[in-house]
Amino acid sequence: MAKILGGIGTSHVPTIGGAYDRNKQNDPDWAPLFRGYEPVKAWLAQRKPDVLVFFYNDHATTFFFDHYPTFALGVGAEYAIADEGLGRRAVPPLKGHVGLARHMADALVNDEFDISVFQDLPIDHGVHSPLTMFWPPSPDWPGKIVPIEINVLQHPIPTPARCWKLGQAVRRAVLSYPEDLKVVIVGTGGLSHQMNGERAGFNNEKWDRKFLDLIARDPRKLVAMRHADYIRLGGTEGAEEIMWLAMRGALSPRARKIHQNYYLPMTTAMAVALFEEPDAKPAPRKARSARKTRRNGARASA
Amino acid sequence: MNPQLKGVEQLGGTYLFDLATSARALRLNRFLHGFTVPANRALFKEDPEAAFDKAGLSAEERRMVRELDWAALMRYGASFFCLEKLGRVKGVSNPEMVAGFRGESLEEFLKTRNVPGAR
Numbered sequence: 001m002a003k004i005l006g007g008i009g010t011s012h013v014p015t016i017g018g019a020y021d022r023n024k025q026n027d028p029d030w031a032p033l034f035r036g037y038e039p040v041k042a043w044l045a046q047r048k049p050d051v052l053v054f055f056y057n058d059h060a061t062t063f064f065f066d067h068y069p070t071f072a073l074g075v076g077a078e079y080a081i082a083d084e085g086l087g088r089r090a091v092p093p094l095k096g097h098v099g100l101a102r103h104m105a106d107a108l109v110n111d112e113f114d115i116s117v118f119q120d121l122p123i124d125h126g127v128h129s130p131l132t133m134f135w136p137p138s139p140d141w142p143g144k145i146v147p148i149e150i151n152v153l154q155h156p157i158p159t160p161a162r163c164w165k166l167g168q169a170v171r172r173a174v175l176s177y178p179e180d181l182k183v184v185i186v187g188t189g190g191l192s193h194q195m196n197g198e199r200a201g202f203n204n205e206k207w208d209r210k211f212l213d214l215i216a217r218d219p220r221k222l223v224a225m226r227h228a229d230y231i232r233l234g235g236t237e238g239a240e241e242i243m244w245l246a247m248r249g250a251l252s253p254r255a256r257k258i259h260q261n262y263y264l265p266m267t268t269a270m271a272v273a274l275f276e277e278p279d280a281k282p283a284p285r286k287a288r289s290a291r292k293t294r295r296n297g298a299r300a301s302a
Numbered sequence: 001m002n003p004q005l006k007g008v009e010q011l012g013g014t015y016l017f018d019l020a021t022s023a024r025a026l027r028l029n030r031f032l033h034g035f036t037v038p039a040n041r042a043l044f045k046e047d048p049e050a051a052f053d054k055a056g057l058s059a060e061e062r063r064m065v066r067e068l069d070w071a072a073l074m075r076y077g078a079s080f081f082c083l084e085k086l087g088r089v090k091g092v093s094n095p096e097m098v099a100g101f102r103g104e105s106l107e108e109f110l111k112t113r114n115v116p117g118a119r
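Protein chains in written order, with my numbering: chain A, 1 to 302; chain L, 1 to 119.
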C-alpha cells in the first residue's frame with residue numbers, strides 16, 4: 001500500500017527558481033535561501049519518495065478567468081514547463097504518476113470531493129520554482145508528481161477549512177492506493193506578501209513566525225480563520241497559505257516539524273518547513289537486528 | 001457579500017480580484033494572459049497597435065499598457081498575475097511593478113527592503 005512519509009510547506013516565489021537557474025547559491029543575497037533548503041533536499045535524497053503530491057496555485061498561466069477551477073487534479077503522464085512570458089525554464093517536463101492520480105480522482109469523487117481533472121497542460125512556477133531547490137533534476141527529475149491546483153486568484157476562493165478537508169481526503173485517497181509507493185505531500189505558497197494596491201509590499205514577520213508555529217502545533221487554529229484574517233495579517237497573497245493547510249491536513253496529527261527556514265529579502269516571505277511522519281524513519285540497522293533477536297528469543301522461550 | 005472577506009474593505013490600498021473585477025477587466029486580462037504564447041509576444045513587440053487591435057482593447061486600455069501605468073492597470077482590474085506577464089515581456093521586474101503600485105520609484109521601494117540585491 002502507498003504510504004505518506006511526510007510533508008513540505010514552501011514558498012513558490014518565481015525568483016526562487018530564478019536564483020537556482022542563475023546558480024546564486026554562493027551569492028550572499030541568496031545563500032540563506034539555498035541553505036534553508038539543504039536539509040529538505042537531504043531528507044528527500046535519503047527517504048527517496050516515488051511521488052510528490054503538490055497542492056499549489058496556478059498564476060493565470062495554465063488556466064484563465066474564462067474558466068478558473070477551484071480545485072483541479074492533474075492526471076497526466078507529463079506536464080510541460082509553462083511559458084510565463086519569458087520562454088520556458090531549462091528544466092525537463094514534469095512527470096506525472098498516472099496510476100496514483102487516476103486512483104485519487106476516483107477516491108476523491110467517491111469521497112464527495114468532486115474535483116475537476118486536467119491533463120496535457122503546462123504547469124507554472126507554483127510547482128517548479130521551489131521544486132528545483134529540494135528535488136533537482138540530474139539530469140531528469142528524481143520521481144513523479146501529482147499536482148492539485150487550488151484557486152487563490154479569483155474570489156471566492158475555497159475556505160481554509162475546505163482546504164484542510166481536501167488534505168484529509170487526499171490522505172485517504174493516497175493511503176488506499178494498493179501499490180507500495182512512498183509519497184510526500186507538498187503545499188506551496190506564501191508566506192506574507194501583497195502584490196496589489198498601495199499596500200503592495202506588505203509583510204508581517206511576526207505573523208509568519210506564528211503561522212509556522214501553528215501549522216505544526218495547532219493547525220486547527222489556522223483552519224478556523226477566515227480569508228479576511230489571512231489578508232489582514234499576511235497580505236492579499238498571504239491567502240496562499242491555504243495550500244499549506246491542505247498539506248498539513250494530509251498528514252497525521254503525529255507528524256512533526258523537523259526543519260524550517262525563513263528568509264524575507266524582498267516582497268515575499270520565503271519559508272520552507274519539513275514535516276516527518278513518526279513511522280517514516282527507518283530504524284537503524286543495528287536496532288532492527290536487535291529487535292529481531294529479542295523477538296526470536298521470546299518465541300524460542302515461549 | 002462573501003462572508004470570508006468581511007472586513008477586508010477596511011484595509012486601505014487593497015484591490016481584491018473578485019468576480020466583478022474579473023468580469024470588468026476580462027478583455028484586458030485575456031490580452032495580458034496571451035503573452036504566454038510566443039507569437040503574441042512577437043506581435044506586441046513588433047507592432048503594439050496591431051496587437052491591441054487584435055485584442056479589441058479600448059483607448060484607455062491601450063494607453064495604460066503602452067505607458068506601463070501599473071497603478072492605473074491595477075485599479076482598472078488587471079490581475080497582478082496577468083500584469084506579471086507584461087512585466088516579463090517588457091523586462092520590468094516585480095519589485096519595479098510593486099513600486100509602481102505604491103506610487104514610488106524602484107529606488108525608493110528598494111530602500112524599504114531587507115535585501116535590495118535579491119532580485
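Keep in mind that the hints were calculated from the coordinates and are not lab data. Check the hints yourself; a few may be wrong.
Okay, derived cross-link-like pairs now, SDA-like style, lysine to any residue, Cα gap no bigger than 20 Å in a straight line [said to hold, decoys possible]:
{"hint": "1", "chain 1": "L", "residue 1": "Lys54", "chain 2": "L", "residue 2": "Ala71"}
{"hint": "2", "chain 1": "L", "residue 1": "Lys90", "chain 2": "A", "residue 2": "Leu264"}
{"hint": "3", "chain 1": "A", "residue 1": "Lys206", "chain 2": "L", "residue 2": "Leu43"}
{"hint": "4", "chain 1": "A", "residue 1": "Lys221", "chain 2": "L", "residue 2": "Arg113"}
{"hint": "5", "chain 1": "A", "residue 1": "Lys24", "chain 2": "L", "residue 2": "Arg119"}
{"hint": "6", "chain 1": "L", "residue 1": "Lys111", "chain 2": "A", "residue 2": "Asp29"}
{"hint": "7", "chain 1": "L", "residue 1": "Lys6", "chain 2": "A", "residue 2": "Arg89"}
{"hint": "8", "chain 1": "A", "residue 1": "Lys221", "chain 2": "A", "residue 2": "Leu264"}
{"hint": "9", "chain 1": "L", "residue 1": "Lys111", "chain 2": "A", "residue 2": "Arg162"}
{"hint": "10", "chain 1": "L", "residue 1": "Lys45", "chain 2": "A", "residue 2": "Ala105"}
{"hint": "11", "chain 1": "L", "residue 1": "Lys6", "chain 2": "A", "residue 2": "Ser252"}
{"hint": "12", "chain 1": "A", "residue 1": "Lys41", "chain 2": "A", "residue 2": "Lys95"}
{"hint": "13", "chain 1": "A", "residue 1": "Lys48", "chain 2": "A", "residue 2": "Asp83"}
{"hint": "14", "chain 1": "L", "residue 1": "Lys6", "chain 2": "A", "residue 2": "Thr159"}
{"hint": "15", "chain 1": "A", "residue 1": "Lys95", "chain 2": "A", "residue 2": "Ala105"}
{"hint": "16", "chain 1": "L", "residue 1": "Lys90", "chain 2": "A", "residue 2": "Leu86"}
{"hint": "17", "chain 1": "L", "residue 1": "Lys111", "chain 2": "A", "residue 2": "Lys41"}
{"hint": "18", "chain 1": "A", "residue 1": "Lys48", "chain 2": "A", "residue 2": "His259"}
{"hint": "19", "chain 1": "A", "residue 1": "Lys206", "chain 2": "L", "residue 2": "Arg113"}
{"hint": "20", "chain 1": "L", "residue 1": "Lys90", "chain 2": "A", "residue 2": "Asp83"}
{"hint": "21", "chain 1": "L", "residue 1": "Lys6", "chain 2": "A", "residue 2": "Arg162"}
Handout entry: 20 Å limit on alpha-carbon distance, applied to hinted pair Lys6 of chain L and Thr159 of chain A
Key = Holds, at roughly 13 Å.
Exercise for the section: Would you mind confirming whether the straight-line C-alpha gap from Lys90 of chain L to Leu86 of chain A stays at or under 20 Å? Expected result: This hinted pair holds, its Cα atoms lying about 10 Å apart.
Practice task
Sort out whether Asp83 of chain A lies within 20 Å of Lys90 of chain L, counting only the CA atoms.
Solution key: Distance ~15 Å between Lys90 of chain L and Asp83 of chain A Cα, so the pair holds.
Problem - Agreement of Lys6 of chain L and Arg89 of chain A with the hint, judged by alpha carbon distance not exceeding 20 Å - result: Not satisfied, since the Cα-Cα distance of roughly 39 Å exceeds 20 Å.
Practice task
Could you grab the alpha-carbon distance between Lys41 of chain A and Lys95 of chain A and see if it respects the 20 Å cut-off?
Solution key: Between Lys41 of chain A and Lys95 of chain A the Cα gap is close to 19 Å, so the pair holds against 20 Å.
Problem - Given hint Arg119 of chain L paired with Lys24 of chain A - CA-CA distance at most 20 Å - result: Status holds; Cα separation ~11 Å.
Problem - Pairwise hint evaluation, Arg113 of chain L against Lys206 of chain A, where the allowed Cα distance is 20 Å at most - result: Status holds; Cα separation ~16 Å.
Practice task
For the pair supplied as a hint, Lys111 of chain L and Lys41 of chain A, confirm whether the alpha-carbon distance does not exceed 20 Å.
Solution key: 33 Å, violated
Problem - Proposed proximity, Arg162 of chain A with Lys111 of chain L (alpha carbon, max 20 Å) - result: 39 Å, violated
Problem - Pairwise hint evaluation, Asp83 of chain A against Lys48 of chain A, where the allowed Cα distance is 20 Å at most - result: 29 Å, violated
Practice task
Take the C-alpha atoms of Lys48 of chain A and His259 of chain A, compute the straight-line distance between them, and say whether it is at most 20 Å.
Solution key: Holds: Lys48 of chain A and His259 of chain A sit about 18 Å apart, inside 20 Å.
Handout entry: Pair hint outcome, Lys45 of chain L versus Ala105 of chain A [Cα-Cα no greater than 20 Å]
Key = Answer violated: Lys45 of chain L to Ala105 of chain A is near 42 Å, above 20 Å.
Checked against the numbered hints given earlier, this structure breaks hints 1, 2, 3, 4, 7, 8, 9, 10, 11, 13 and 17; the rest are met.
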